[in-house]
Amino acid sequence: MLILECPYCGVHAEETELHAGGEAHLKRFGPGSSDDDFENYLFMRENPKGVHFERWRHVNGCGKWFHAARCTMTLEVFGTYSAQTTEPPKDICDKISAKRPGWSWRNFS
Amino acid sequence: MSNAVTALNGAKSTGYVTVKEAPLTGMITLRGTFASKGFAKMVKSVFGTDIPEQRKVSKGPEATVLWMSPDELMVVCDYAAAQDLVAKATAQLGDEHALVVNVSDARAVFTLSGAQLREVIAKEAPVDMSQFEMGEVRRTRFAQIAAAFWLEAEDHARIICFRSFAEYMFNLLKNASQPGYEVGGW
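Chains A and B supply the protein sequences, listed in that same order. Heads up: the first sequence is residues 1 to 109, going by the numbering used here. Heads up: the second sequence is residues 1 to 186, going by the numbering used here.
In silico lysine-lysine, DSS-like type, Cα no more than 30 Å apart, as pairs: (1) Lys20/B to Lys56/B; (2) Lys41/B to Lys64/A; (3) Lys37/B to Lys64/A; (4) Lys64/A to Lys59/B; (5) Lys64/A to Lys44/B; (6) Lys88/B to Lys64/A; (7) Lys88/B to Lys41/B.
If you want the ones that stay clear, here's a sample from chain B, every Cβ over 12 Å from chain A, calculated: (8) Lys20; (9) Pro61; (10) Thr64; (11) Ala80; (12) Ala91; (13) His97; (14) Pro179.
Everything labelled a hint here was simulated from the structure, so no lab data went into it. Just so you know, even glycine gets a beta-carbon here, dropped at the ideal spot from N, CA and C.
Make the full structure from the sequences, and use the hints.
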């Protein structure tokens, strides 16, 4: 069972109170972009064994979207943070580095 | 004006915890920027209390204000007074970017009373009831529907859900509180 702390209301919400929103920090490529960029944006997703960044929504609670950093193998949660950002905050990255030295995910490490 | 009724006409079940549909209750949704002076002032002057802290309940003389999310409050008040309070709040907000809506008829309210009500809630909601305190409000799910609840006393709780789910909620609570279904957690 996955328990994530919602950064907006501080509730330690159990998985069934949340809704998964897929991969985090996608950069959108819309009309006018190259076919390759658009294809990457629309279809290509990470599928890591280990550190992963995701979007979640506290759907049966405050209703806010947020980000979570977790390990797909052990279900360890490194932290959750605001949705109003395009990259993971430094303290979350530091926490991951302490536990998974040498990790990388897309262009973050 | 039409004759307002509650969704289940005050249905009641007496199990090891008593479940009752509350009589008509005024409910007002407020959305706005809590940090804004105009918004905080309006809450204070119209509802007689400060904006509650995160996940807390604050009580005024005639209204109870619940913290629903970082930009949303729910005011629980007298049914007949709700429309006037909405008008007052809207007038006082002026140009402020905010929302005030009377949702009294769009929600259903239930009361649980009995010493073991924490157990009944724990059966239906993914909430650690041993950590849940008086003066706290929690939005969560009860089985498959969204709801919010808070404790008015150790043996008295209130639950708010959407009106269209009233029957589901009542049957759910009734079933969970049937005599003989005690788990003995509380």
